[in-house]
Every structure is written in C-alpha cells, then in structure tokens.
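Trainee: Take the sequences, apply the hints, and build the full model.
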Amino acid sequence: MALAGAVLALGDPLFSKGVDGGVLLIVVGKAVATLALLLASVVLMIWFERKIISDMQNRVGPNRAGPWGILQTLADAFKLFTKEDLLPERADRRIFRLAPYLSVVPAFLAFSIVPVGGFVTIAHHRTQLQLADPPVGILFLLAVSSIAVYGIMLAGWSSGSKYPLLGSVRASAQMVSYEAALGLSVAAVVLITGSLSTRDIVIDQHGHLAGFLPNWNVLRLGFIPFVIFLIAGTAELNRPPFDLVEAEQELVGGYFTEYSSMRFGLFYLAEFMNTITMSAVNVTLFFGGPDGPWFHSVRWLGGIVWFLAKTVVFLFSYVWLRATLPRFRYDQLMDLGWKRLIPLSLGWLLVLAAMIVSRPWGFSVVAGGLLFVALLARAVMVGRSATDELAPGPVGEAG
Amino acid sequence: MPAALAPVLAATAVDTGVFVVAAAVILSGAVGVVTGRNPVHCALSLVLTLFGVAVLFVAQDAQFLAAVQVIVYAGAIVVLFLFVIMLIGVDREEDVRAEPLRGQRPAAIAVGVLGLAELLGLARFHHWVTGTPSGAGAASGPGSNVEKLARSVFTRYLLPFEITSALLVIAVVGAVVLARRPQPGPGGGDGAEANEANGAGEAAEAEAEPASR
Chain A
401 MALAGAVLAL GDPLFSKGVD GGVLLIVVGK AVATLALLLA SVVLMIWFER
451 KIISDMQNRV GPNRAGPWGI LQTLADAFKL FTKEDLLPER ADRRIFRLAP
501 YLSVVPAFLA FSIVPVGGFV TIAHHRTQLQ LADPPVGILF LLAVSSIAVY
551 GIMLAGWSSG SKYPLLGSVR ASAQMVSYEA ALGLSVAAVV LITGSLSTRD
601 IVIDQHGHLA GFLPNWNVLR LGFIPFVIFL IAGTAELNRP PFDLVEAEQE
651 LVGGYFTEYS SMRFGLFYLA EFMNTITMSA VNVTLFFGGP DGPWFHSVRW
701 LGGIVWFLAK TVVFLFSYVW LRATLPRFRY DQLMDLGWKR LIPLSLGWLL
751 VLAAMIVSRP WGFSVVAGGL LFVALLARAV MVGRSATDEL APGPVGEAG
Chain B
1077 MPAALAPVLA ATAVDTGVFV VAAAVILSGA VGVVTGRNPV HCALSLVLTL
1127 FGVAVLFVAQ DAQFLAAVQV IVYAGAIVVL FLFVIMLIGV DREEDVRAEP
1177 LRGQRPAAIA VGVLGLAELL GLARFHHWVT GTPSGAGAAS GPGSNVEKLA
1227 RSVFTRYLLP FEITSALLVI AVVGAVVLAR RPQPGPGGGD GAEANEANGA
1277 GEAAEAEAEP ASR
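Chains A and B, in that order, give the protein sequences. The numbering of the first sequence is my numbering, which starts it at 401 and goes up by one. The numbering of the second sequence is my numbering, which starts it at 1077 and goes up by one.
Please keep in mind that the hints were generated in silico from the structure rather than gathered at the bench. Incorrect hints may appear among the rest.
As the list claims (entries may be wrong) - On the chain B side, residues computed to face chain A include the following (Cβ under 8 Å): (1) T1111; (2) P1115; (3) V1116; (4) V1155; (5) L1158; (6) F1159.
All C-beta atoms in this analysis are idealised placements derived from N, C-alpha and C, irrespective of residue type, glycine included.
Mentor: Here's what the structure looks like:
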C-alpha cells in the first residue's frame, strides 16, 4: 500500500487524483521527452564547449558541418559508431563491457529531480515540469553520483593496463573526498529549506529579500555554501582544473584509455551530461531554479527560459575555467578538499544553524569561532617556534 | 501520502511484483557474492544485493533509509572494499573448493537453515512475540518519513545516537593516531619505535573499520 506513494512522485499534483491510463501516458511522455532533450542538449553542449574554447584560444574551431559547425558532434558520433570496438587482451570482459553503462545511466538519472519550470496542464492533468519529485529529492542526486564512481573505477580496473588503473584510482579518491564537501554544502540548503525535495527548495526561494534582491539561497546562505558547492561539484565532474583523472601528459587518457568506438562515446556522453546536470543542480539549489520575473503572456514558458538562461551561464563558466586554469597537483587537490573545504563548510553549517535558531546565538557562534581560530593559530605559531628551537635545520622544515 | 492514492493502483499486486523482483535481485546478488571466484565480481554482486534492499526500503515507504543505503553502503563502503581489493592486489581468481576451516561448510548450512526456520516461524506467529501485526509501529503516523526519523533519533533515541557518534569519532581519531608515522626525531634511533607504531596502526585500522561502518 505504501508503494504507490513511494515510487511515483509525492509532490506532483499529477498523482493527487489517482493513477489512470492518462496519467501513466503523461509520465512516460515526460520521461521520453526528458531523455530526448537531454541528448540534444549534450550534442549542443559539446559543440558549445569546442566553439567557446576555440574563441578563447584565438582559433576557429569546428566550422564545416552545418552552420557554425553546429552538426559537428553528430558527425563525430556517427564516426564513433562505425569504428572498431577493441577489447584488450588482458581485460575483464564482462566488467569492461558493463562499465560505460554504469557511467552513463547515473548521469541521465541524476537530472530527473531537477525542476525545469513551473506547472502545466496537459489534458486536464496539472503537472509540474520535472520528471520526478521524490521526498528525498536531493539525496537521490547524492546517491546517484556515488554510483557514478563505479563506472570510472571499474573501467580503469577492468582494462588490465596500468594507466587506466592509475587514472581510476585517482578519480575514485577524488570523487569520494569531494563528495563530503558537496554533501555539507547541500546540507546548508536543506537546513534553511526544511525539506529535501527539490521542488520545495525551489518554491522556498520565491519572493524577495530586503525588498528588491531575489530570495535566492546564494544570498540567504551567504555565498560560502555556493562557492563550496561550485568547487566540489567541479571536482566531482573531474573537469579542469580538477582533471587529474585524465591528465593526458601523465596518464594517456585516464580510465578510458583502452576504450574505443561507442564505448568511449558513452564515457564522453556521461561526462558532458554530468556537467549539464551539475549546472542545473547549482541553479536549483542556489539560484531559485525557474524563478524570475514572469512573462505575462505565456506563464509556463517564463520559468523554462529563466532556468535555461541560468544554466547556460554555469555551462559557460565551466568552459571558461577549462580554458584559463592550469591543473592542480595531486597533493594540492587533497589539501583543498580535506583541509580547507570540509572544515569551512562544517563551520559555516554551524553558524547557519545557530542563526536559524536565533540571531544572538548566531553572532556568538561567529565570535566564538573567531576566538577559537585565533587561539589555534597562536598555539600553532608557538608550537612551530618551539620545534624550530629544539630541532634546527632540515628536520624542522620537514615537520 | 495522499490517502486516495493507494487503493487505485491495485497496490497489493504491484507490491507483490516489486517484492518478487527485488527478492530475486537480492538473492542472485547474495549467491554471486559467495560463489564468485574473482573478488571484484563478488563485490559487485554485493552492490546488487544492496540495491535490491534499497528497493525494498522504498516499497516499505522508508525513502530516507533507501537513499542512505545507496549513499553509504553502495557508494562508500563497497568502493572502499574495491579499493582494498585493487590496491592490495588480491584481484586474482581463487579456488573456492579449498577449505581453510574444516567443517565450516556443513556448520554454515545448518546455521542458515536454523535461521531461515526461525524467520519463517516468526513471520507465521509474530503476534505471539510482539502482539501487533507489524513491528514497525513507531514509523506510522502523520508527517514525512524524514521528519519521523529525525524526531525519533533526536528525542527518544538521542542518547544511543550521541554515544554511537562519539564511538565513531573515537575510532577515527584512534586510527589516525596509531597509523601516523612518527617523524624521525632529533636524537635519531626512532626506527624500531616507528615500525612498531606502524604495525599497531594497521591492526587498529582493521579493528576500527567495522565500527565506522
């Protein structure tokens, strides 16, 4: 009896009057439309990235297939399909074949919880422009992204060769480490919303802050969770400057070195799909999702336009980061994740929680935190100078 | 959940279908864990089992538990297993017929049959034990699943919750302290001590890990 509510989205008004054939048809139609649109947007995203990168690097980029080379990705996909599918001799055959799907399926599943617009009415059924709205919404995203680790890890291991293995070990270590910071910044959003559902998170951000500013979480939470989410999200995507996983100069191509043909194409698809999903989730969590001034003629279109506009800004910034920033070193990557982002997000979560309970508590937590940090810094300084006096020379430097 | 929703979907048939599929997935995964020759394949079968259990949690209206099951068990712990398998290099096929512990197999079968009988008996005569048709009394009532869970964890079961978290922190700190390699001090001759500490660290980590799961 619990099943009906659990599998189908709870919050969607589509299911409030019971489930019949029409409702099922709408759900299937939404799923098919989402998949088709996502595939199309991946094709466009690959073209967009290549075009922007080439502009930033003062070259022309793809310009042969279609106007401005917009069909280049389709041509490349066709070429990938016709290539020979190689299977390395020392590969674990079953897992080698399985891994690309473990990578690409979570990438598409993750998008299903993103609200892309408001509500529409199809054949007397009112429904929200969102594929699924489970009560655990944002946790579903974390669950799916933790499954995506398997695709990369198993691809590297099953290739039976050293560079893919190194790449996949790096990738899994990186993704597992940054997932903590990512989860803590999501926790800040959940704390202020009081719900895990992405639809509730978006609805909670309607309205205005201090009269004219939008009531978006990026302002309400004081920027820090947003910045942490952006950095940790980029690391989760294995995109530059966190692309140690692929690091062409060191690892040939990372975990997918041994893959060819459409199996390689699936990894490529997953990577770009994840970039789009991460941008969309960023918009949902911190920038009000489809929230914005409405176009009064067609109300439901307004939300979609705002959502797309905000997402494209993030997609552009990911391309921009790739074009400008050099790659991290491995120890820098781990230092940033464990020693900076996680303590910062934990501390900020504490301050936010105290602020929600009451303002005086919040400010006293901030003051107490500052005092603690100052004392800790002083203690570290004293400790350093004491060690230097005891053990001068190279030993002291190593410590 | 909307009360009108459950009867419309002919819930019993759907519930049964989901249960049968999930049970088949769980059992095939479990058999795969035991019979697989390659440790990596075994770990993947374990993931299959964990997924099936998560589906059953969703069917029981425990969405939060399902999400946590996937995030923590499938996403972190089995990844850790795989790390260990891949890095230590035990990813070679092993002969399952070799028996390190004599008489272990018949004993395992006997205990398994006993456990199954107990479970079936409990399912048949549960009202003798608990007095209610369902053991999950606390989870029913108004409010969302997460809300109910949070309320019971932070009110009724606060002390066990805090004690568990303290235990986890102690385990982590202990593992870090024991596994840390002492810097060669100014006097030198720390080698033996360092080795000893490392050995102890590994042992402590092995002990601490089950606790942190």
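Trainee: Enumerate the violated hints, using their earlier numbering and listing them in ascending order.
Mentor: Going through the list in order, the structure violates hints 1, 2 and respects the others.
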